[in-house]
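Enquirer: Take a look at the letters that make up each chain.
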Amino acid sequence: MRSVKAFIISYLILILLWVVLTGWRGDELIVGSIAAVIISLVFAPSLSILADLKLTPLAIMHLALYLLVFCIELFKSAIDVARRVLSPSLPINPGIVKVRTKLKSKLGRIVLTNSITLTPGTMTVEAKGEYLYIHWIDIKSDDIETATNTIVSTFERHLEVIFG
Amino acid sequence: MMLLIGSIVCILGSLFLFLGAMGVLRMPDVYNRMQAGTKATTLGSMLTLLGIGLAINEWLPKLILLVLFILFTNPISSHALARAAHFAGIKLTDKSLRDNLAEDESKEKSNA
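Heads up: the protein sequence lines correspond to chains A and B, in order. For the first sequence, position 160 matches number 160 in our numbering, and the numbering has no gaps at all. For the second sequence, position 104 matches number 104 in our numbering, and the numbering has no gaps at all.
The shape of chain B in the complex, shown without the other chains:
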C-alpha cells in the first residue's frame, strides 16, 4: 500500500520536473525561464524524494533533510543567477511592461 502511494507521489514529482523542462524551452527570455526552472523543479524534486521516502520508510528522515537542503539552496541560486544576468546587461523580452531596476540604475548614474 505504502509502495503504491510512494509511486504515485514520485510520478507527480516527475510530471512537475517535465513541465519545468518544457517551461525552459517555451519561455521567451532568461528571467521567465528562470521562473519556470525554479518553481516547478523545486516542487518536482521535493515530491520525488518524498515519494521514495514513503515507499521505503527507513530512508524518510534522511530524505526530509535532503528536501530541506533543496528548499534552502534552490531560491538562492536562482536569485544569484537572475541578479548576475541583469548586471551583465541581458535585456528583458519585448513583451515586458516595465523594468524599475534599470530605471533606478540609470538615475543613479546620471546623478553621480
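Extracted from the complex, chain A is given alone in its bound form:
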C-alpha cells in the first residue's frame, strides 16, 4: 500500500516536471507519461518515504498555509542576516542548542530541518532521533522547552497535519 502511494506521488511529480519542461503537446506527452511510469515503477520501493505525505483536503490546506508561512520566514531571515552584517558592532550571541520535535515521520523531519535552516538565525547541525541540535545566531533562552517553542513550533503546527 505504501509503495503504491509512493508510486502515484512520484508519477505525479515526474509528469508535472515533464509538462513544465516540454509544454502541453500530444505526442510528447505520451512519451513522457510512459517514461514516468517506468521510472516510478523502478524507484517506488525505495521512495516509500514519500507515502508519509497525506492527501486529505485538510492536509492540502495546511500545505498551502505552510508554504505561505515559509516564504514570509525566508524573507525575514534574509533581512535579519543582512541587518546583523551591516551593523558595525556585529550583534551576535551564537551557540548550539538542543530542541525536541514531535514529528514522527522521516519526511516530516527532513522538511522541518530544512525549514529551520532557512529561517532567521538558526541552522540545523545534527539530528539524533527526536532531538535536533541547532546553531542559533542569537540565543534568547537556556532550556529545551523555550527553545523548542521559539524555533520549531511555527512550522510544526502545519507539518503535524501534513505528515502526521
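It cannot be assumed that every hint is accurate.
Stated by the list, open to error - Straight-line alpha carbon distances no greater than 25 Å define the calculated DSS-like cross-link-like pairs of lysine-lysine that follow: (1) Lys104/A - Lys54/A; (2) Lys91/B - Lys128/A; (3) Lys128/A - Lys107/B; (4) Lys91/B - Lys98/A.
Since the hints were derived computationally from the structure, they do not count as laboratory data.
We have chain A already, so just place chain B on it with the hints.
Expert: The following block gives chain B in isolation, referenced to the frame of chain A:
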C-alpha cells in the same frame, strides 16, 4: 513595464547576494559564516532568477523549477558542511554562549 519590474527584482536579488558575501567576510567563525552564506544567498539567487523570469515571460516555468531545486538543495548542503565541521572538531568562536552538542558527545564518551 515587465522588463522594469524584472530588473528591479534582479537588483534586489544581487543586493542580497552582495550582503551574503559581506557576511562571509565579517562573521567570526565557520558556523556563523555558514548562516550568512545560506540565507542571504538562497533568497538572492531566487530573486535573481525570478527577476529574469518576469522580464522574459516564456522562461518563467523553467526558472521556477530552478528556484525549487535551489530551495531543496541549499539547506541540505549547508547542513552537511556544518555537521562535518563540527565532527572535524572546529571550535565555535569565543563569543559563543554554549554548545549542547559537544556536551552530549563528551557525556556519551565517558559513559561508554
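Enquirer: Out of the numbered hints, which ones does the structure contradict?
Expert: When the structure is compared with the hints, none of them turns out to be violated.
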